[in-house]
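Asker: Residue strings, one per chain:
There are 2 protein chains.
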Amino acid sequence: VVVIGQDPATQETIARRILVGAAGHRVQGFLYKLGIDRSYAMVNTFLYSVYGSGGEAHKNDAALVAYRNRWLDALLVGTHVEAVIALGMLADGAWQAWKATPSGSASALAYAHITHPTAPQSAGGSDSQIAAATRALLVNWNQALQSLKSAIKHPDTQRALVAYGTTFKATELVDIPEEDLPPGLPDWMRTSDGWAPRTGTTPAKKRRTITVTVPATVKL
Amino acid sequence: VVVIGQDPATQETIARRILVGAAGHRVQGFLYKLGIDRSYAMVNTFLYSVYGSGGEAHKNDAALVAYRNRWLDALLVGTHVEAVIALGMLADGAWQAWKATPSGSASALAYAHITHPTAPQSAGGSDSQIAAATRALLVNWNQALQSLKSAIKHPDTQRALVAYGTTFKATELVDIPEEDLPPGLPDWMRTSDGWAPRTGTTPAKKRRTITVTVPATVKL
Numbered sequence: 001v002v003v004i005g006q007d008p009a010t011q012e013t014i015a016r017r018i019l020v021g022a023a024g025h026r027v028q029g030f031l032y033k034l035g036i037d038r039s040y041a042m043v044n045t046f047l048y049s050v051y052g053s054g055g056e057a058h059k060n061d062a063a064l065v066a067y068r069n070r071w072l073d074a075l076l077v078g079t080h081v082e083a084v085i086a087l088g089m090l091a092d093g094a095w096q097a098w099k100a101t102p103s104g105s106a107s108a109l110a111y112a113h114i115t116h117p118t119a120p121q122s123a124g125g126s127d128s129q130i131a132a133a134t135r136a137l138l139v140n141w142n143q144a145l146q147s148l149k150s151a152i153k154h155p156d157t158q159r160a161l162v163a164y165g166t167t168f169k170a171t172e173l174v175d176i177p178e179e180d181l182p183p184g185l186p187d188w189m190r191t192s193d194g195w196a197p198r199t200g201t202t203p204a205k206k207r208r209t210i211t212v213t214v215p216a217t218v219k220l
Numbered sequence: 221v222v223v224i225g226q227d228p229a230t231q232e233t234i235a236r237r238i239l240v241g242a243a244g245h246r247v248q249g250f251l252y253k254l255g256i257d258r259s260y261a262m263v264n265t266f267l268y269s270v271y272g273s274g275g276e277a278h279k280n281d282a283a284l285v286a287y288r289n290r291w292l293d294a295l296l297v298g299t300h301v302e303a304v305i306a307l308g309m310l311a312d313g314a315w316q317a318w319k320a321t322p323s324g325s326a327s328a329l330a331y332a333h334i335t336h337p338t339a340p341q342s343a344g345g346s347d348s349q350i351a352a353a354t355r356a357l358l359v360n361w362n363q364a365l366q367s368l369k370s371a372i373k374h375p376d377t378q379r380a381l382v383a384y385g386t387t388f389k390a391t392e393l394v395d396i397p398e399e400d401l402p403p404g405l406p407d408w409m410r411t412s413d414g415w416a417p418r419t420g421t422t423p424a425k426k427r428r429t430i431t432v433t434v435p436a437t438v439k440l
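In the order they appear, the protein sequences are chains A and B.
Under the numbering used here, the first sequence has 14 at position 14, and the numbering climbs by one with no breaks.
Counting from 1 along the second sequence, just add 220 to a position and that's the residue number in the numbering used here.
Keep in mind that the hints are not guaranteed to be accurate.
[Claimed, not checked] With a straight-line cut-off of 25 Å between C-alpha atoms, the simulated BS3-like cross-links for lysine-lysine are: (1) B:LYS279 / A:LYS219; (2) B:LYS253 / B:LYS439; (3) A:LYS59 / B:LYS439; (4) A:LYS205 / B:LYS425.
[Said to hold, decoys possible] Label-pair restraints from in silico Cβ distances: (5) A:VAL218 / B:GLN341: 25 to 33 Å; (6) B:ALA286 / A:GLU56: 52 to 60 Å; (7) A:SER122 / B:ARG427: 28 to 36 Å; (8) B:ALA294 / A:ARG159: 45 to 53 Å.
Note that these hints are calculated values from the structure, not bench results.
From the three backbone atoms N, C-alpha and C, an ideal C-beta is built for every residue, glycine too.
Input sequences plus hints: build the corresponding full structure.
Answerer: As structure tokens, then:
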């Protein structure tokens with residue numbers, strides 16, 4: 001399975017693996033339901049974090065699209081990949097741009113565009129609005145699970161498909177495999193969130209600055 | 221060739237490769253003189269950065285030594301390694317601790333303990349004191365080059381040995397190979413220095429905090 005994400009959050013820039021935070025734990029849980037524990041690759045629409053504009057301004061940059069399509073060719077053409085999952089609209093755009101190429105149009109890979117895993121939080125609002133958005137997300141994800149399940153002929157582990165309920169259960173948030181991160185990485189980098197905010201007193205300084213702090217819960 | 225360093229500087233903790241800064245460029249230049257461009261592995265005495273004490277307090281921790289010796293066994297026993305280079309006294313201590321093990325005492329590997337590449341800067345003092353310490357360092361490194369040259373039977377590139385003069389020439393500072401760093405790492409992380417200081421107003425906060433800033437010379 002190949003997962004197409006959006007752009008790296010600051011902590012992912014530091015950990016050198018995309019989807020390590022809250023979104024990552026949700027995606028890892030989605031893959032788990034499909035029987036995928038290690039047979040995946042994850043790539044982003046944007047190699048670097050896009051500050052402020054959210055990527056809309058760059059989504060059609062020809063050089064960027066061409067570079068990304070080389071990665072998608074490498075991952076998807078003549079490999080054992082059985083399905084592609086795009087997280088959110090920019091990732092879906094990346095897939096559509098690849099599908100418009102000769103190698104993309106020749107591909108018969110199963111594909112699902114699912115709601116971005118932290119879309120409810122990104123949209124913000126009251127607790128009840130976030131809960132409603134999460135319920136809608138999980139309906140969307142359940143539909144995708146149904147359509148992808150039959151396409152994945154070689155899962156790492158055969159599991160009966162268990163649909164999501166109306167919230168993420170704790171067991172549906174799966175840790176990032178330790179072997180999928182650089183050696184020596186402290187555990188808190190893959191198990192906690194929010195440890196690498198942008199800092200600085202101006203937007204220009206924030207674009208240049210990330211501050212990494214060991215969580216207070218970790219004893220030094 | 222295996223290089224044993226000391227502990228990761230903050231920027232090495234972020235770049236996920238040891239010896240990327242000033243010390244790294246000097247070491248890479250030392251390897252170049254030996255004909256080694258890619259056939260090396262680098263490990264540290266300490267997996268994590270040791271704040272304040274400089275490692276003296278932990279150098280004999282039994283669990284740490286045993287763990288490190290497993291790495292040295294993996295790197296040095298029954299492999300194609302032809303020489304080991306230790307940078308500074310703590311790294312030499314790591315080598316001696318391994319040599320005291322059965323597998324270490326059975327090993328006939330060539331070995332050189334050289335002055336730590338940034339020892340002149342670490343010792344501080346006036347410009348002339350740093351220059352004098354650098355001259356002494358390069359005498360020490362020249363001696364090590366002589367003793368190691370004949371031990372390295374399979375360099376990546378055959379090069380006549382060129383000794384150091386009394387200062388590091390610009391050509392003797394060699395860039396870290398791009399392929400030896402995680403994909404997507406911005407160039408400035410391997411070509412510049414000092415971009416990841418500890419920050420915080422107290423020692424306790426400094427132990428927990430690293431601030432990464434894109435150098436002002438890089439256009440965003």
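Asker: Going through the numbered hints above, which ones does this structure break? Give me the numbers in ascending order.
Answerer: Structure breaks hints 2, 8.
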